[in-house]
Structure formats: structure tokens, C-alpha cells
Amino acid sequence: MSRGRKTIGLLAISVLLMTNLPVTVHAEEGYTYNYDWWEDVQYSPDAYEVAGVFSAQELELDTKLSAPEGLFVYGSMVYICDTGNNRILELEREAPDSLKLKRIIDSFKGDNEVTTFNTPTDVVATEDGYLYICDKNNERILKLDMDLNYVMEFVKPDDATFDQSMKFNPNKIAVDSAGRVYCIAANVNKGLIKFEEDGEYSGFTGASKVTFDWTDYLWKKLATQAQKAQMESFVPTEYDNLYMDEDGFIYVCTSNVSTEELTSGDAKPLRRLNLMGNDILVQNGNFPVIGDLYFESGGGFQGPSLFTDVTSLENDIYVALDKVRGRLFAYDNQGRLLYAFGGIGNMDGYFRRPVALEHMGRDLLVLDSLDCSLTIFVPTRFGELIFEAINQFQSGLYYESGETWKEVLTRNGNYDLAYIGIGRSLLRQEKYHEAMEYFLLKLDQSNYSKAFKQYRKEWVEEHILLLIGAFFVILCVPLAIGKVKAIKHEIDIADIFRQR
Amino acid sequence: MLASLKNKETYSRYFASLKFSLYCITHPLDGFWDLTHEKRGSIAAANTILFLTLLVRILKLAYTGPLFLAVYWEGINIFMYLASVLFPLVLWCLGNWGLTTLFDGKGTLKQVYMATCYALTPYPVVQFPMIILSNMLTVEEAEFYFVLGQISMLWVGILILTAMMEIHEYKMSKTILFTIATLFAMMVMIFILLLFFSMISQGVSYFVSLFREIMFRM
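The listed protein sequences correspond, in order, to chains A and B.
Residue numbers for the first sequence follow our numbering, beginning at 2 and rising by one.
Residue numbers for the second sequence follow our numbering, beginning at 47 and rising by one.
Treat the hints as calculated values from the structure; they're not laboratory data.
Predicted, not measured: the structure shown is a model, and the values here were computed from it.
Hints are not guaranteed to be accurate.
[What the hints assert, rightly or not] Here are the simulated DSS-like cross-link-like pairs (lysine-lysine), alpha carbons at most 30 angstroms apart as the crow flies:
id, chain 1, residue 1, chain 2, residue 2
1, A, K484, B, K65
2, B, K106, B, K65
3, B, K85, A, K486
4, A, K486, A, K458
5, A, K486, A, K454
6, A, K454, B, K106
7, A, K110, A, K191
8, A, K486, B, K106
9, B, K152, B, K85
10, A, K195, A, K324
11, A, K101, A, K65
12, A, K195, A, K110
13, B, K106, A, K458
14, B, K65, A, K489
15, B, K106, A, K432
16, A, K210, A, K168
17, B, K106, A, K443
18, A, K210, A, K222
19, B, K65, B, K54
20, A, K110, A, K210
21, B, K217, B, K156
22, B, K65, B, K152
23, A, K195, A, K157
24, B, K217, B, K54
Pulled out of the complex, with its shape left as it was, chain A reads as follows (with noise of 0.2 angstroms):
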């Protein structure tokens, strides 16, 4: 009876807890998640804050920005495009929440027709000191030296593989070490531009498959003329951006993709080029490389993301853009995400409409055409631990990657990541059982196979007397017993022993 009632006490106790609890919701709260194994959203710690927000205001700029569309960073240099105001504008980052106004570009020295830009959509500078700069409107990538001076312009390729009835306007470049350019043009849907150092065009590059099934190819046949004018053709995704990574593979982005591909796993709104022009993005996580994994219409939004600049930082992690909701995705170089953070609306850390994604270090800059505004972001201290757990998982340390995720882990107890990383550095350190407890945590099936198949091979070589005697017993007690039945049966029926 007594045990009863304080069953009852303790329930009405622990209700009216439930109740009066104050619910504390913190501000922050899903501005930084990640998916588990089961697709699961798992908010997660702060991977980047804002060092500093700059608009015209903070730069001490006389004119507003207006519209800008490029942003590049080279160094501790950030050129931004003000497509707007045709001009560029040359910032040097002094501190990491500081950035100075170091020149306006508007014109270049040159006995050129015209030595203004008109709509410059993106800038590029190099290490032998040269500045690229997309010239859209004027039909030109023109490339000047470092004071300003022409160099030489890469124009219109007079190729029959481009239409030449087509205005050529250049909308993001991107520059190879050895000075060919890159370029992808407004309604050029064939891929890269490429031009050789020499202005030369040289083709293009990196055009994505057109692929159709064969109904489509039936019902395309049987269409009339204003059937087929109304159908979707199969043409090649146009691409929105580029990024030249160290290594000299292109990053490209398409925000050209339907909702029935991306969730069937068949686009691929971000790809990494070769020199071939195949996309070697190598794809490993538990799902595809496309930004958020759920996108019912809410809140003003609706669709997938779309991909509008992509940028690469050290071990392979590339970081990409979404113009739909403004958020930032980081993937390391096996395809998994890191962590996805940012939004739409006014707060620092939040977009208007984002364009363009650069980086500089581990920092991110990202430019809001909307809002005429750069954002830096710079890593928490969870962020770098992450950073540095790959890159010390990357360069052979093994153990001290482990202890780095451990690291993680105290932030962060949803972290996958950190549990897989602490698993594949017990597995390099040939702690087999260890390890798989950390891939069966979250679910690493292929990595707790490796595990589990180095563990069996040890437990067979410790146990192996145990099995052959296992073996020996479950094949000789059958036949013992056997043997022993039929002498038995001998004797029963024996002659000598039946006489008395």
C-alpha cells in the first residue's frame, strides 16, 4: 500500500516538473546541424562564427555597393566585384575582423577602345601577378598586371563548335597555374570555356552527360512538332560557378537540377573535373552530395538547394553555397557532410541573397548581392578540432587524430564524424575490437566490416586448438557413439552370451 502511494507521489511529483520546467530555447538553436546515419537532423555546436559583416559603411566606401557578383581572395587580398558600379574593389584583410579599403578599380592603362568595365562579374588574380577580370557585358576577359596594366584580352572564340549568332559573356573564370583560362559563359550550356594562355579558344571542357530514358526517346517520337516544342529538351546543365582547387581540379556547381533527380541520386549539382573533364567527386557518405536532405516548402522557401558557389579548402573539404536558404554545406573528401549552418534574414551570420563563396585560410568569406554586404566567418574551436583531426588523420597521425576527435566529442556527442574518426584511428592503430564499437555506434558499415574481418582473423589464430577441437568432438562423438551402439548390438546378439 505504501509502496503504491509513493509511486503516485513520485508520478505527481515528477508531472508537475514537466510542467512548471522552464523551457529555455536558445537563439542559436539549428543555425549549425548535421544528418546522422537514419537522415536524422542532429543540431550541432557552431562550426564557424562571424568575425565581421562589411558593407560600403564599414569599408568607407563613397558610393553603395551595388549588386555584387565576384569575390576572390588571393593571399590576405579580397577583391570583390561591384558589378553594379563596374568597379572592383581591393580589400586587404589586416586582422581577421578587419578589412581596408586598398584601392578602387574602375579603368586600366592600355591603348584600348575602352578601358572601363562594363558589368564585371568576376575577378581572378594569380601568383605570377596578373589580374583576370570577366568583363561581361564588353564581351572580354581582359588580363591586366598588377598596376593596371592591358596585357592581352581572351574574346569570342571565331570556333564553329560555338554558335557564333551568341553574344559571348563571360561570367566566372577560373585560372590554371599554367595560365589557360576557364570560363563559363552566360547560355553556354556545352561546359568550360577553355582558352590557352595565348588567348587561344581550345574547346570545351567538362560538359555533363545528357541523360534520357528510353520513354522519353519513345514519346519524343511519337510527339507532334508542338508536343516536342513544349517538352523539356535534353540539353547539357548549364553550369553557375567555379573553383580551382590546389591541385588544379575544377569544382563546378549547377543549380540546374530537378527535385525527382537530386532524390533519386541521380544529379549531381556539384562535381570535380579532371583535366578530361570527368566528374571525380568521390561520393562515399550515406548520402548524395546535395545540400539539404529535406526540402518541403515552408517558411518562404521551397525546392532543393541550389548550389551557387563552391570553394575548396585544405584535405579535399569543400565547402558550397545555397542560394535558397543560405546555407553554407562543408563535405570532407570522401563526400560526408561536416556540418551545414547559415540562413536567410538580417542577422550577422544570416543572407539576403548569397553569390559568392570564398575562403581564405580555414576562414569563409561570402558575398550577399542583396544585402551588399561580405561576411567573414571564422572557425569555433569545434570547427578547428575538426580541421584538425582530418588533416592530422590525412598527414599519418593516427593516434593523435583519435585524441583530436575525442576532443570533438566532448563538444559534440551527436557527432558521427568523430566516432567514425576515432573508430578508422583504433583501426590504424590495430585495435580491431575497439574499434568497431565506435563504427557499430554509428553505423560505419563498411569500415566495421574491416574492422570486424581483421578482429575474426585474430580471434580464429587465438582460438584456433578450441576449433579443431570443436570440430574433432562434433565429428568423432557421432561415430564413438555409433561404434559403441553396434558393439553393444554384437554382444546382445552375440551366440556366446545368449546360452544362459
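Given the structure of chain A, go ahead and fit chain B onto it with the hints provided.
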């Protein structure tokens, strides 16, 4: 009832009929004929086999190696999980009996149930060792596991078909025809059940809202 439990003969008959299931799965044509015609099967044994099937199914959920089955425990309802076997089984028995009884089927509902349960025997027999096996295999050897699983399901399928053929004294072609018809009948039953439940809930909510309305006005 209690008296029969004390009777030793009851047990020996029960165990004999349980053991007969092993004969059935290896000699289906002969076995399922004898099951009903020679009365070598028993409902008790059929219940046992069904219980073992359900048990192995739960054990499988809990103890299969992580490489072969990852369970989202938050999404598991054990009763729903058991119902995923029991519900189709009940529908199958009812549908099959209902149809075959109109078309010269010799089996009664009891016999249909018994034979179907006996036909499930390969499931626990194969799947239980598979649980142990799954904890000893790596990803590279996963094919063995999946093939074994497929074999067990195929085996059960063939046995159910044969069992129906034998207890109803049908030809093969007629059996296949009525298997398809039974599957269709199952779907019809599901449809009617859904209709029934939504009707009931509509009806209940009507009276609930009526009651509320009256309470408000009083």
C-alpha cells in the same frame, strides 16, 4: 483438458506432429497429404511453429549483425512488427478457405491454417542459424547471407503452394489460379477493412461532436 495434459500420450503425439513438420518441408507432396488425410499434423504443433516464426523474427531484429540489419529502434512497434506476419496469415487463411470452399476445395479453415503454419517451418529453421551466421560474416561475404535468406523465403512460398494443392486435392494449375485469386481476395479484404475503419471513425466523431455540441448548449 487438465487430464489430457497429464496424459503422456498427448505429449508424444504433440512431439510426433511437431517432428512431422521436418518431414513435410523435405517431402512436401507426401507430407502435406498425410498432414490432413492421415491426421499426422496437429493444431498445437502449427501454433508452435507460428510462435517460433514470430520469435525468430524478433530475435532477428535484435541479434542480426549490424552489417546486415540496422534497426531504427525509435520506429519499431513490436506489435505492428508481429502483425506484419499475423495479419497476412489470417487474411490468407480466410481468403483461401472462403474461395476454395466454393470450388471443391477439401480443406477446412482449420486445415488451411495448419498447413500454412507447417509451410512456415523453413523460416525459423533457416533464419535462426542465419542470425548466428550474420555475426560471423563481413561485407564481402554478405552474398551468402542474402542468398540464404532468399532460399528460405522461396522455400516457404513453394511449400505454401504445395500445401494448398494437397489439402484441397487440387491440380497444380488450379492451385496457382486460386493462389492468385486468394491474393486478390486479401486485397479486397484490406480495402473493406480500411473502409470499415474510416466509416467507424467518421461515425464516432459524429457522435462525439454531437455530444460536445449538446454539452456546450447546456
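Against the structure, the hints:
{"no.": "1", "hint": "A:K484 to B:K65", "verdict": "26 angstroms, holds"}
{"no.": "2", "hint": "B:K106 to B:K65", "verdict": "23 angstroms, holds"}
{"no.": "3", "hint": "B:K85 to A:K486", "verdict": "34 angstroms, violated"}
{"no.": "4", "hint": "A:K486 to A:K458", "verdict": "40 angstroms, violated"}
{"no.": "5", "hint": "A:K486 to A:K454", "verdict": "43 angstroms, violated"}
{"no.": "6", "hint": "A:K454 to B:K106", "verdict": "22 angstroms, holds"}
{"no.": "7", "hint": "A:K110 to A:K191", "verdict": "34 angstroms, violated"}
{"no.": "8", "hint": "A:K486 to B:K106", "verdict": "39 angstroms, violated"}
{"no.": "9", "hint": "B:K152 to B:K85", "verdict": "14 angstroms, holds"}
{"no.": "10", "hint": "A:K195 to A:K324", "verdict": "27 angstroms, holds"}
{"no.": "11", "hint": "A:K101 to A:K65", "verdict": "16 angstroms, holds"}
{"no.": "12", "hint": "A:K195 to A:K110", "verdict": "26 angstroms, holds"}
{"no.": "13", "hint": "B:K106 to A:K458", "verdict": "25 angstroms, holds"}
{"no.": "14", "hint": "B:K65 to A:K489", "verdict": "28 angstroms, holds"}
{"no.": "15", "hint": "B:K106 to A:K432", "verdict": "28 angstroms, holds"}
{"no.": "16", "hint": "A:K210 to A:K168", "verdict": "24 angstroms, holds"}
{"no.": "17", "hint": "B:K106 to A:K443", "verdict": "20 angstroms, holds"}
{"no.": "18", "hint": "A:K210 to A:K222", "verdict": "21 angstroms, holds"}
{"no.": "19", "hint": "B:K65 to B:K54", "verdict": "17 angstroms, holds"}
{"no.": "20", "hint": "A:K110 to A:K210", "verdict": "42 angstroms, violated"}
{"no.": "21", "hint": "B:K217 to B:K156", "verdict": "21 angstroms, holds"}
{"no.": "22", "hint": "B:K65 to B:K152", "verdict": "25 angstroms, holds"}
{"no.": "23", "hint": "A:K195 to A:K157", "verdict": "11 angstroms, holds"}
{"no.": "24", "hint": "B:K217 to B:K54", "verdict": "40 angstroms, violated"}
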